[in-house]
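**Q** Sequence:
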Amino acid sequence: MTQLRQRMLADMQLRGLALKTQKSYSRAVQQLAQHYSKSPDQVTEEELRDYFLFLKNEKKASRSACTVALCGIKFFFEQTLQRQWKVFDLVRPPKSKKLPAVLSREEVRRVLGSVRRAHYRNCLTTIYTCGLRLQEAIRLEVRDVDGDRELLHIRQPKGWRDRYVPLPQTTLTLLRQQWAIHRHATLLYPSRTQQQATQPMSPSGVQRAFKAACADSGISKPATVHTLRHSWATHLLEAGVNLRLIQLWLGHKSLQTTAIYTHLTRNAETLAGEKINRLMADLADEPVDVPW
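At position 232 of the sequence shown (counting the first as 1) the number is 480 in our numbering, and the numbers step up by one without a gap.
To be clear, the hints were calculated from the coordinates, so they are not data collected in a lab.
Calculated pairs, DSS-like style, for lysine-lysine (alpha carbon to alpha carbon, straight line, at most 30 Å):
1) 304 - 286
2) 322 - 346
3) 268 - 346
4) 308 - 334
5) 459 - 268
6) 308 - 469
7) 501 - 268
8) 308 - 346
9) 271 - 346
10) 304 - 346
11) 308 - 271
12) 271 - 307
13) 304 - 322
14) 334 - 322
15) 286 - 271
16) 334 - 268
17) 469 - 346
18) 459 - 307
19) 459 - 308
20) 307 - 334
21) 286 - 307
22) 469 - 307
23) 271 - 322
24) 304 - 469
25) 307 - 268
26) 322 - 268
27) 304 - 501
So the derived label-pair ranges between C-beta atoms look like this:
28) 267 - 507: 24 to 30 Å
29) 302 - 491: 38 to 44 Å
30) 311 - 411: 22 to 28 Å
31) 395 - 311: 40 to 46 Å
Only a predicted model underlies this, so the values are computations on that prediction, with no experimental measurement involved.
We put the beta carbon where it would ideally sit given N, CA and C, even for glycine.
Could you put the whole structure together from the sequences, leaning on the hints where they help?
**A** See below:
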């Protein structure tokens, strides 16, 4: 590892970036260096402009890929190299107009019921019923379960922000049954070696199990494991749970990020229409003078 890369890694650790984010940012800078076949600190501002145009026009990189490239390269030049270049004020990743896929409650039941292996089914059920990210679920520890208060402690998730989420009684029972199978001293979802495991189960294994379950249950939507988290938030909103609470449970910094789920609820427009009809009906009962 070069001294320059070590310095960037140290800067990211000091900033408190999640390990996954650190890897993505490092990869973005590495790809920039490979593109120009030279050390990234030798890349000029004009070359950066050309590189971002290359990603957009020639490579046809996705919105998420462009965003990661911009954020990673910007961090490297502004924080590690202390270069405040105007190109970073100019470049903006394309705005996404796509809403995330959401499964209905019946579709969620079908998918979870189609997962063949119990440990994958339990993990996916935990993800849905608690609104977790995949990495948060597989890293759950025994100490994170607060059965008395029916809360789940999510430690050091994305952005290093701990939080508590509601733990349904059925999920609490499921977690106890899951732990009783392997009785690992620390992990709720250890890898296959179970008691001797030092690492949680593989995220790719959970993803494959979910994909197979979607196929077996006839789900044609572009669903991923993360779709369960989107679905959980949407179903809570449909049930009338306060948006601010959902924001806290999801671990979102901004309420605007959580507000996207208002566009995904099936009954939101219907309920709004019913309220408008009631309001207008009340007004219509009042006598109105018609001049003509």
